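Chemist: Model the full structure from these sequences, guided by the hints.
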Amino acid sequence: MGQVCAIETKAITKDNIRPWLAAMLEETKVIAPEESHGDILYEFIDSAEEAFLDHYEVPPWMSIKRFFFPQMDTILKYKKGPAGIIVEPAVSELKRVIFGVRACDHTALTFCDKWYTADGLKDVYYLKRRENSTIINLACNKPGKNCFCVYADSGPFAKTNFDVQLVDFGDEYLVEIGSPKGRAITGGRYAALFKPAPQNAEEKRFELLLESKGQFKTFVDQSTVTDKLKKDEVPDILWENMAKRCQNCGGCSYVCPCCICFNVVDKQISEHEGYRIRTWDNCTFAGYTLMAGGHNPRGKQKDRFMRRYYHKLFYEFDKFGERGCVGCGRCTTTCPGKIDMARIARSILMRGA
Amino acid sequence: MENLYLPKIAMIDKISQETPDVKMFTIKYKDPKDEFHYQAGQFFMVSVFGFGEAPISITSSPTRKGFVELAVKNAGSLTAELHKMRPGAEIGLRGPYGNGFPLKDLKGFDLLFVGGGIGLAPLRSLINQAIDEKSNYGRIMILYGARTHADMVFKTEVSQTWRKAAEVITTVDMGENLCDGNVGLVTTLLPKVKIDVKKTKTIVCGPPVMIPFVLSDLSKMGLADTDIISTLERHMKCGVCKCNHCNIGPKYVCLDGPVFTYAEMKLMTREF
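Residue numbers (our numbering), protein chains in the order written: chain A, 1 to 353; chain S, 1001 to 1272.
One should not assume that every hint holds.
Per the computed footprint, the stretches of chain A lying under chain S, defined by three or more beta-carbons under 8 Å from a beta-carbon of chain S, are [to be verified]:
1) 52 to 62
2) 73 to 79
3) 220 to 226
4) 252 to 265
5) 288 to 299
Straight-line distance between alpha carbons at most 25 Å, and here's what the computed BS3-like set of lysine-lysine pairs gives [stated by the list, open to error]:
6) A:K204 <-> A:K217
7) A:K77 <-> S:K1028
8) A:K231 <-> S:K1251
9) A:K79 <-> S:K1030
10) A:K10 <-> A:K204
11) S:K1030 <-> A:K267
12) S:K1008 <-> A:K122
No wet-lab data here; the hints were simulated from the structure.
Since we're looking at a predicted model, the values are computed, not measured.
C-beta atoms are modelled at their ideal positions from N, C-alpha and C, and glycine is treated no differently.
Modeler: Following this line, the structure appears as structure tokens:
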């Protein structure tokens, strides 16, 4: 507890955050939380003033997933010419810093890293974006009402693998530097914006962490749920009843930082030219497993719905030792049928089987 | 870093009309330096540019080199477009992917193939390999069922070529069977072959409605679940275990399959 994998710690006053962002903007693209019609969203900012630095209820409405795995991503371009078809990959080389990332989304990235490198098969589109990104975490002193990262072991403070993590100390942030990338944006030309970490930093950090952990309102015992799925102890009727309330909207997977299913489609821009695009997909959509010819192995809503939870809590856990849920609670916020991860887990546990 | 999603350009060399809705495409890579290396039971992700990509099982035998054959049923938008193509047209290929048939486990055994409709396509790869390497195997038996006689694929091989090296029995669901007269589902052919269950491995492929019946009948005949092998198909978007579409329980058809034993299939969950 309280053990931090930082290679160096510093501090930065809150007044220096915008100058820091402005300095980074001179060198690279910057993504930060922005206020848009009452929602907090991560966006590319053009000036430091655009970043929303006040307190808001976490987590931001959409995760940072789309900056690594965009909702629509052109992966190839093809041209049909006199010499035949030429196919060119379209891999993003854009360097960027992402500011204000929460521990849940950050942990989700480590999960996605495993997925996109699994079986020795590396996804260049995802990994290039990962390589070109520096992430500045912002630890959560106050969890949101649907948050349960503390039970998914993914927050409220990031423990490892971060580039930089800021911990809110009131007038200033404790700056934990965890990687060479983190050093690069806190040292050199940026060094003057920072000062040494305060004397009692470690104790204060620990207090804040404990205080934050004490404020969670949503309890989800994922490991017992995983056990029950493994032992096949969840009766079909529970899935049937839950699935009836699924509206097939896809909201849960779009907001989920761990949902990595994709579809691939070709888009013709003329008879001779077009793109191959990968888009987000959702395993609860009826067309997800529909095959040419009409056979649909998961034609029933219940089977698709069930598969979503088996996949996240059982299959992925078996394969990677991590669940496809980091407890960000966004599906709770978004699901119109109230059949989100927290509620499903609670229903499974309350049956007591 | 290699780009998993970048297809190689290939060219349609020959096309044969197998049935009213199935064509067989003989394909060569455009760059003559590229060679085909595959195993029976594997598949390619086939790109028809402008229409997308789909997994298509390989129907040629790896013993016959320099080209690959794909038998494709006109069943969706991509395959419809493929059917409109002429020799010389260019497509994209990624792969081969998948585990393929377990040749090592089959060596020395009698092989009983049970195919339904276009499901004979992946089996043909192994059938021709087994015929070309006959000394590695015992008897080769082929049971093939199609909807009608017109729907039978690879007619020359089914009615003539294979009969020189294998025991072949066909059936049709309806109408007249000009091959050998049997009418009825493919399961009705099973009692017609006398097999030694200890010396036989069976390989099954057909439409989803057929597979569970054939597998359970074979099991009742006394074959061990590990000696009953099937190849499955699923909607797939990547072929490299990233898109998530082809899972059956914890297994992925693209990477863990498409070839599974009945024993493995029983562990997967309720659906296959």
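Chemist: So, against the hints stated earlier in the document, which numbers end up violated here?
Modeler: 1, 3
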